[in-house]
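*Asks:* Sequence:
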Amino acid sequence: MIVLKTNGSTRQIYSFKGEGFMDADGHSPKPQKGLFAKWFGKSRENVTEEEILMMVDAGEEEGVIEQSQKAMINNIFEFDDMTVEDVMTHRVDIVAVAEDAQISDAVYHAINDGFSRIPVYKEDIDNIIGIIYVKDLLCLVGCKAIEDFSLQQFIREVLYVPETTKCRDLFKQFTEKKLHIAVVVDEYGGTAGIVTMEDLIESILGNIQDEYDDEEDEITKINDTTYTMEGSADWDDVADILGLEVEENPDYDTVGGFLIDSLGRIPHEGEHPVVKVDGVEFTVLVVEERHIAKVRAVKTPRVSQPE
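Residues -5 to 301 in the working numbering are what the sequence shown spells out, letter by letter.
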């Protein structure tokens, strides 16, 4: 049995019962005799994280483990080292309402943006004072005097966490306090972003599509050489799709961050700068509120040098 122990809790991922792997639900993907023994020897009872990941790689190559299952196992190990800064929604993308806003403003965001919890700020986004739960406003549905009610009557307290908080620790806080959202603050006390329980779960399972999410992918293939993508698209995913060999850079993790780093500045709205790297031409299509929102990438044919 392969188990992962994180923060005191043990989770079974795969069992090995001689004939092959079996997932936590008891399903055996495909028999593969002797894979565990082949890699680690029959007498081994405890293996390291590196050995498990090596076995998972081998299992995928031999058809025992599907690619999605491999990704999930890798994500579980990575989750132990992730901070909320890695998974949060950045402050520029936060949808929030002012404390003196009308209740209809909160209802508007609930309907049009599909949010069930909306941050409330005082004066500016750096001072988030609480959260509005849309379900609390349902009692006002059909009320003709809805604007006679103050939004402040429905503000709930919010959890604040620093950017360096480990995702595993926040997950524990969420479950213990029965919360689903927290405000992430930077070292100066300003708002860095917000993080939800869904963000934490998606860091392991991948994107969870609900009834309010747009069906559009962050990366869209136009043809064999052209792609469009959101500025928030994961840079590693973009590099893989385009066949780019890139080194890990702690300064950015999105294609928008890569382009800003390459340009050395944030493009202005209406500007369409181009960045070329290893036969791929990136063009900034849309800039909104000081961040890159839309990008086009075109793979250009490489010109062979004459001998």
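To be clear, the hints were calculated from the coordinates, so they are not data collected in a lab. Accuracy of the hints is not assured; some may be wrong.
[Said to hold, decoys possible] Restricting the straight-line Cα-Cα distance to at most 27 angstroms, the calculated cross-link-like pairs of lysine-lysine (DSS-like) are: (1) Lys270 / Lys293; (2) Lys215 / Lys171; (3) Lys288 / Lys215; (4) Lys160 / Lys64; (5) Lys215 / Lys64; (6) Lys64 / Lys166; (7) Lys129 / Lys171.
As the structure is a prediction and not an experimental result, all values here were calculated from the model.
*Asks:* Hints first: check each against the structure and report whether it holds.
*Replies:* Here is how each hint holds up against the structure:
1. Lys270 / Lys293: holds, 10 angstroms
2. Lys215 / Lys171: Violated, at roughly 42 angstroms.
3. Lys288 / Lys215: Roughly 14 angstroms between the alpha carbons, so the hint for Lys288 and Lys215 holds.
4. Lys160 / Lys64: holds, 23 angstroms
5. Lys215 / Lys64: This hinted pair holds, its Cα atoms lying about 25 angstroms apart.
6. Lys64 / Lys166: holds, 25 angstroms
7. Lys129 / Lys171: Holds, because 19 angstroms separates the two Cα atoms, which is no more than 27 angstroms.
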